[in-house]
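Chemist: Fit chain R to the known structure of chain X by using the hints.
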Amino acid sequence: MSDAADILCERARKGDLFAASELVTLFYQRIFGYLRRLSGNDDDAADLTQKTFARTWQSLESYKQRSSFSTWLHGIAHHVYLDWRRKRTLGDSQSDEWWEAQSDNTPTPFENAAERETAHQLYRWVDELDEEKKQTVHLHYYQNLTLNETADVLGVAASTVKYRLREALDYLRRRSAETEPERKVV
Amino acid sequence: MNDTTIEKLLFHAPKPLASPDLLKRLQADIVLPNVKPAAKAREGQNPLRRWFPALGFAVFMLSCAIMVAVQASWSTKLKTENTTLRATTADLPKLREQHTALEQAQAEHDELVQLQKDNAELHSLQAEVAQLRDLPAEIQRLQNENQRLATAANSAHKSGGDNFFDDAAQQLADAKARAERIQCVNNMKQVGLAFRIWAGDHRDKFPTSLVVMSNELSTPKILVCPSDSARQQQYASLRFGEFQDNMTSYVLTVQPDDESANPPCIIAKCPIHHNYLLSDGSVQQVNLKNPAYREVQKDGRWYLQAAEPGSTWNDAINPPAK
Numbered sequence: 350m351s352d353a354a355d356i357l358c359e360r361a362r363k364g365d366l367f368a369a370s371e372l373v374t375l376f377y378q379r380i381f382g383y384l385r386r387l388s389g390n391d392d393d394a395a396d397l398t399q400k401t402f403a404r405t406w407q408s409l410e411s412y413k414q415r416s417s418f419s420t421w422l423h424g425i426a427h428h429v430y431l432d433w434r435r436k437r438t439l440g441d442s443q444s445d446e447w448w449e450a451q452s453d454n455t456p457t458p459f460e461n462a463a464e465r466e467t468a469h470q471l472y473r474w475v476d477e478l479d480e481e482k483k484q485t486v487h488l489h490y491y492q493n494l495t496l497n498e499t500a501d502v503l504g505v506a507a508s509t510v511k512y513r514l515r516e517a518l519d520y521l522r523r524r525s526a527e528t529e530p531e532r533k534v535v
Numbered sequence: 171m172n173d174t175t176i177e178k179l180l181f182h183a184p185k186p187l188a189s190p191d192l193l194k195r196l197q198a199d200i201v202l203p204n205v206k207p208a209a210k211a212r213e214g215q216n217p218l219r220r221w222f223p224a225l226g227f228a229v230f231m232l233s234c235a236i237m238v239a240v241q242a243s244w245s246t247k248l249k250t251e252n253t254t255l256r257a258t259t260a261d262l263p264k265l266r267e268q269h270t271a272l273e274q275a276q277a278e279h280d281e282l283v284q285l286q287k288d289n290a291e292l293h294s295l296q297a298e299v300a301q302l303r304d305l306p307a308e309i310q311r312l313q314n315e316n317q318r319l320a321t322a323a324n325s326a327h328k329s330g331g332d333n334f335f336d337d338a339a340q341q342l343a344d345a346k347a348r349a350e351r352i353q354c355v356n357n358m359k360q361v362g363l364a365f366r367i368w369a370g371d372h373r374d375k376f377p378t379s380l381v382v383m384s385n386e387l388s389t390p391k392i393l394v395c396p397s398d399s400a401r402q403q404q405y406a407s408l409r410f411g412e413f414q415d416n417m418t419s420y421v422l423t424v425q426p427d428d429e430s431a432n433p434p435c436i437i438a439k440c441p442i443h444h445n446y447l448l449s450d451g452s453v454q455q456v457n458l459k460n461p462a463y464r465e466v467q468k469d470g471r472w473y474l475q476a477a478e479p480g481s482t483w484n485d486a487i488n489p490p491a492k
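So the protein lines, in turn, are chains X and R. Here our numbering runs 349 ahead of the position in the first sequence, where the first position is 1. Here our numbering runs 170 ahead of the position in the second sequence, where the first position is 1.
Just chain X, same shape as in the assembly:
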């Protein structure tokens, strides 16, 4: 997809509207999902997605293809989200019901209700992480970016991404260990 995206991007730079439309079709779901998880509601996510693509078209001339188009687009979305977050105080993000609704509406690999409950709990713990670690987890795990792509988006070294992921996993494992006894008691 990356090669195809780069070809489409090159055509869009030359003014091909059809190629730009294809790029939107390819990426809008991923960008919307990324911003939806971070912003907490559909309307804001839709606005942020529109802003992201608007800024993409504005900056298309300056795209030097040092990274893939996907990484570059995620970087723009990341900065759009940071700008938006700076302007408003983020309240509570996703509620438990939202995660449950998402799990119910989308296909998941969970085999039973207990596993699905564990996953919901895990996603809530992710939202408890500090902003840097949360961003890293979202980009690497939820958006399926590689370590280097995540590092490019966040503007940090790959080693920093590894460190943040390790810290996040430690935190999630600890939280999991804390809750397991309660479950056994229940």
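Keep in mind the hints are simulated off the structure, nothing from the lab. Treat the hints with care, since some could be wrong.
[To be verified] Lysine-lysine pairs mimicking DSBU-like chemistry, simulated, CA-CA at most 30 Å apart:
hint : chain 1 : residue 1 : chain 2 : residue 2
1    : R       : K178      : R       : K194
2    : R       : K346      : X       : K511
3    : R       : K346      : R       : K249
4    : R       : K346      : R       : K359
5    : R       : K391      : R       : K346
6    : R       : K194      : X       : K363
7    : X       : K400      : R       : K459
8    : X       : K436      : X       : K400
9    : R       : K264      : X       : K436
10   : X       : K400      : R       : K247
11   : R       : K247      : X       : K511
12   : R       : K359      : R       : K247
13   : X       : K413      : R       : K468
14   : R       : K185      : X       : K482
15   : X       : K413      : X       : K400
16   : R       : K346      : X       : K483
17   : R       : K247      : R       : K264
18   : R       : K178      : X       : K483
19   : X       : K363      : X       : K400
20   : X       : K483      : X       : K436
21   : R       : K468      : R       : K375
22   : R       : K391      : R       : K359
23   : X       : K413      : X       : K483
24   : X       : K482      : X       : K436
25   : R       : K391      : R       : K459
26   : X       : K511      : X       : K413
27   : X       : K482      : R       : K178
28   : R       : K375      : R       : K359
29   : X       : K400      : X       : K483
30   : R       : K468      : R       : K359
31   : X       : K511      : X       : K482
32   : X       : K482      : X       : K363
33   : R       : K249      : X       : K436
34   : R       : K264      : R       : K287
35   : X       : K511      : X       : K483
36   : X       : K436      : X       : K363
All values derive from a computational prediction rather than experimental measurement.
Modeler: Quick look at chain R alone, frame taken from chain X:
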């Protein structure tokens, strides 16, 4: 939960779905900045840049045409020159014959000049031979004269030449003797000065040894008479550290308290030249043939006393009993 489980769950997190309206809105919002249609873009370009390939080819062709024209011009010019030269060289055999004739004439001329030179040299050689023919007679005359002069010189030498050389040798020996005597006097004066300096530093007492006053003497050489050839060879070049009193040519007659003696007594004498060093530092020369002084001993000291006129040196030393 272990890390693998956590990562698996995170990788398979639910993906929020956007509404289809969003896609339409996003596609409608696409604005590609700085997009120019191809024709417009071409209009915006520099015309030179647009026509550069055609212009480049045209310039290349033009330069080729110019080069061809220049080469054709050169070729025509060379052909013309060639034709002219061919026309000129039509008379070449005749010119060659003329050139050969000229070369022969030049060679004959050179040969003639050479012959003239040889003739002049022959004349000069003939004159030289004529001069050489007279030379043996001249040589014979010179040999005869030389023999006559040699004979005359031999006879002159036999008659009085020895006396002349003997006189010259005698005069030379006399001059040398006088020089040595004067040098001896000079030595004794320096020794006398050293005696007086030493006495000045030692309560007017004279030293009874020459070695003790070595600091006042410039060199041991002045302690050896220049006519004393044996001592000159052995001791004159020694240093004061090696010099002994018995190595001097002079006879010391000094007494420890001679400085205050009046009249001045003899403190040293040269047995070769009969020069006397007196305690006042003066040096008296005594002529042996006609001595003006004679040695006299009084109270253990030696003095010089005026000798009687007409007495000899032996008389002066041992005066006849009255």
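Chemist: Starting from X/K400, check that the Cα of X/K483 is at most 30 Å away, please.
Modeler: Satisfied, since the Cα-Cα distance of roughly 22 Å is no more than 30 Å.
Chemist: Going straight from one Cα to the other, do R/K391 and R/K359 come out at no more than 30 Å?
Modeler: At roughly 13 Å apart (the allowed maximum being 30 Å), R/K359 and R/K391 satisfy the hint.
Chemist: Please work out if X/K400 and R/K247 have their alpha carbons no farther apart than 30 Å.
Modeler: violated (80 Å)
Chemist: Starting from X/K413, check that the Cα of R/K468 is at most 30 Å away, please.
Modeler: violated (138 Å)
Chemist: R/K346 and R/K359 were given as a pair; does the straight-line alpha-carbon distance stay at or below 30 Å?
Modeler: holds (20 Å)
Chemist: Does the structure keep X/K413 and X/K483 at a Cα separation of 30 Å or less?
Modeler: holds (28 Å)
Chemist: Given the hint that X/K511 pairs with X/K482, test it: the Cα-Cα distance must not exceed 30 Å.
Modeler: Distance of about 10 Å is within 30 Å: holds.
Chemist: Does the structure keep R/K468 and R/K375 at a Cα separation of 30 Å or less?
Modeler: holds (19 Å)
Chemist: Going straight from one Cα to the other, do R/K346 and X/K511 come out at no more than 30 Å?
Modeler: Not OK: R/K346 and X/K511 at ~121 Å, beyond 30 Å, violated.
Chemist: Keeping to a limit of 30 Å between CA atoms, is the pair of R/K249 and X/K436 held or broken?
Modeler: violated (92 Å)
Chemist: For the pair supplied as a hint, R/K247 and X/K511, confirm whether the alpha-carbon distance does not exceed 30 Å.
Modeler: violated (85 Å)
Chemist: Run the distance test for R/K178 versus R/K194: straight-line Cα separation, threshold 30 Å.
Modeler: violated (34 Å)
Hints 1, 2, 3, 7, 9, 10, 11, 12, 13, 16, 32, 33, 34, 36 from the list above are not met by this structure, while the remaining hints are.
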